[in-house]
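S.K.: Take a look at the letters that make up each chain.
Protein chains: 2
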Amino acid sequence: MRRLRVGLLGVGVVGGSVARALTQKREQLNAAAGAELVLTRAVVRDPTKARDVPKNLLGTDAEALVRADDVDLVVELMGGEEPCRTLIDTALTHGKHVVTANKRVLAWHGDALFAKAAAKNVALRYEAAVCGGLPVIAPLADDLAANAIRELRGIINGTTNFIVTAMAAGGSYADTLAEAQRRGFAEADPTADVEGIDAADKLAILVRLAFGAAITPQKIFREGIAKLEARDIALGRELGYTLKLLGTARLAATGVEARVHPVFLPTSHPLARVDGALNAVQVVGDLCGPIMFSGQGAGGDATASAVLADIIHVARGALNTTRATRDLPILPMGETRTRCYFRIAVDDVPGVFAKITQVLADHAIGLASVLQREPPQAGSAEIVLLTYSAPESAHAAATADLEKLSCTRAVMARIRVDAPDEHRHA
Amino acid sequence: MRRLRVGLLGVGVVGGSVARALTQKREQLNAAAGAELVLTRAVVRDPTKARDVPKNLLGTDAEALVRADDVDLVVELMGGEEPCRTLIDTALTHGKHVVTANKRVLAWHGDALFAKAAAKNVALRYEAAVCGGLPVIAPLADDLAANAIRELRGIINGTTNFIVTAMAAGGSYADTLAEAQRRGFAEADPTADVEGIDAADKLAILVRLAFGAAITPQKIFREGIAKLEARDIALGRELGYTLKLLGTARLAATGVEARVHPVFLPTSHPLARVDGALNAVQVVGDLCGPIMFSGQGAGGDATASAVLADIIHVARGALNTTRATRDLPILPMGETRTRCYFRIAVDDVPGVFAKITQVLADHAIGLASVLQREPPQAGSAEIVLLTYSAPESAHAAATADLEKLSCTRAVMARIRVDAPDEHRHA
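Those sequence lines, one after another, are chains E and G. Residue numbers are given in my numbering: position 215 of the first sequence equals residue 215, and the series is strictly consecutive. Residue numbers are given in my numbering: position 345 of the second sequence equals residue 345, and the series is strictly consecutive.
A portion of the hints provided could be inaccurate.
Pairs of lysine to any residue residues, derived as SDA-like cross-links and limited to a Cα-Cα distance of at most 20 Å, are as follows [what the hints assert, rightly or not]:
#1 E:K120 / G:R316
#2 G:K120 / E:G34
#3 G:K25 / E:E151
#4 G:K25 / E:G212
Simulated DEER-style distance windows between Cβ atoms [said to hold, decoys possible]:
#5 G:K49 / E:D421: 37 to 43 Å
#6 E:G80 / G:G366: 50 to 56 Å
#7 G:T216 / E:D327: 47 to 53 Å
#8 E:G366 / G:K227: 49 to 55 Å
Because the hints were derived from the structure by calculation, they are not lab data. Even glycine gets a Cβ: it sits at the ideal position worked out from N, Cα and C.
Bound conformation, chain E alone (with noise of 0.2 Å):
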């Protein structure tokens, strides 16, 4: 039987988790993999730490072992982007095989790490850093790939999912934050996860592969959680609308989208239903037609069957994940066209509807629902406007002239919408 030497770089709960299922599971994975799998490094901060390893192949030298001679494969589960680009990129380099969870490392530099490894003709596979163990990489570039992908969204950040479902239960965001990191959902430092950067980065990822586009996170429109109000997602219920933090592409006339931002979603949307610390991605694509994957999103065990799954593909000898790049520009902002709902703070006077309304119609925004509510105190009133869809620049600026009228206390809230013109709301 073919050996399969396997160096790993981070002996943490996921690669501890690795690590027990190469000897634990030894040989139900070498006859899924059609290879011996053999550990025979593994790099650790702190060697006396580490426990699911031996400690004779235990070391700190990252960088030898990326060149190591005993190592065909290597596994990478430090995180953060240095030195682990560095050390993917010397493991491709030397003609190594390489899997990884890093998903800021791909999303950032992904366009050249895959030129190389295809360059090397060695693999690069990555299903552990979008969605954990649920499997959606291999399945976009090997069992869709027949597809013409159209639109893709996804729950792909299970802390602010964990979050905004327990706002629409009525918390606050700072108590269901405070919540979060008590649960160990969400960490210190939240601002990865609330600014929806950690998204951005496996939007990247996921429109790198399903649209062939080149894309760093930068050119992802980004709004994180933080600013929301459980009075909204309230509100937004009642018209038949769930709140979601998502990731967006949509393949346009001219480019594609690429967003990160809170929507509301009709609430029997399969994507609305997925609540907690899950993780879901929804892809349309011209041949299959919607299809959704739902799953967990993280946790040591998860996250190493995406790991593993990419190890015994390797072994196998499927080495590609990508597909072919073309030259597909990521539209601005500005350009993409949603729906959106506003809730507008007014004074209680007359004529106010008549000149909000005037805005929206000035920008040709058709406006599809009104709700208008009793006052939260005597004097201002609370108008909530639902608008069909436009362009994202027509939003903004008729937002701005909103925020001008001398009848405006505030734009509290201005949330897109992800439904069809013709969704009935309830």
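Model the placement of chain G on the given structure of chain E, informed by the hints.
M.R.: Only chain G this time, still in chain E's reference frame:
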């Protein structure tokens, strides 16, 4: 560039879509395959009819196609047991790869055919045989290969899901079946769908793949939907459950449960929300946890998406689509454990309740909840019971004893419930 010469058996709705894609998507498919995919032959019953294949490639001799020197890969889309089984067998014998959508042949003869494909070192791929355009086979075979699969449940027949979804809205079985036939979801003779025969074929394929068990559909317990009443679906919903026809398989201590029958799922279960003609499969792995896939289980283009993916897999050298088989018996239905919903028509006289609940106690079946309804007619009453989990044999024996009680007019319905014992019903 290498050539992969494809011979097509059957140019109907799916075959036509495959043939069109091979022409219209030539560049994309060849890039994905890393090979030039060339249709060299196609066989149809009536060569004056087929439109999506050049006339000079059309013939009627299937036996010749599966032996032809100018065919490397046979795509079998004729359907039905014979002559397909023989044709696939002959193609494998002649060292040709086979891609098929034929659930019937694989369910009943898969064990022998996969063994032959392995012996000949050729592929026998079948993504399109289960859930049409939804990738399920390759994810199970490849992307979840590191997992021990613990549970698998699926809505794997779109016709019956259309019918039970419509019945949940209040329609009778007869009316919704007629509607399904009118809309082309059900055939004139609906037996294979409504009796669960089609679902059992697909479940056999999934069980063989997920658990590595040798199986044919005759080992699968099967109960259809023809006797369902909308009344029970409505009562179940009051208790917090949604009715689905599921294929269910579960790893138990002594073997694998495999069964097709109507199931009450908690309304919060992801599968409970898959409505209409959609297909969905939930898989629970020891590493990845629960994962769900949902999408279109039928249709020419969707099924072609799966067939084309298999062709691409073969072109890339991915031949393996099985797990190592092991000695794992399929458990007799009597040994499986479920909860049950009962609706019992009884005489409206004192003491009935005590007698009925005593029968359950005699069979060591715990009672989770009870619902007594206003009598539909004077003198009679209707009792709805929900039990805790117990062996099927105990539930069956209790049913027989309930029927024998003098106060019982009839056990109107017994429907198995797939929920943990601690599930809180509304």
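S.K.: Decide if the proposed pair is consistent with the structure: G:K25 and E:E151, CA atoms, cutoff 20 Å inclusive.
M.R.: Holds - the C-alpha atoms of E:E151 and G:K25 are around 19 Å apart, at most 20 Å.
S.K.: Within 37 to 43 Å: is that where the Cβ-Cβ distance between G:K49 and E:D421 falls?
M.R.: holds, 41 Å
S.K.: When you check the alpha-carbon spacing of E:K120 and G:R316, does it fall within 20 Å?
M.R.: holds, 17 Å
S.K.: When you check the alpha-carbon spacing of G:K25 and E:G212, does it fall within 20 Å?
M.R.: OK: G:K25 and E:G212 at ~15 Å, within 20 Å.
S.K.: Take the C-beta atom of G:T216 and the C-beta atom of E:D327, compute their distance, and say whether it sits inside 47 to 53 Å.
M.R.: Because 52 Å falls inside the window, the suggested range holds.
S.K.: With 50 to 56 Å as the target window, see if E:G80 and G:G366 comply at their CB atoms.
M.R.: holds, 52 Å
S.K.: For the pair we were handed, G:K120 and E:G34, check the Cα-Cα distance against 20 Å.
M.R.: With Cα atoms ~16 Å apart, G:K120 and E:G34 stay inside 20 Å; holds.
S.K.: Do E:G366 and G:K227 keep their Cβ atoms within the hinted range of 49 to 55 Å?
M.R.: Check passed, 50 Å falls within 49 to 55 Å.
Comparing the model with each numbered hint stated earlier shows that all of them hold.
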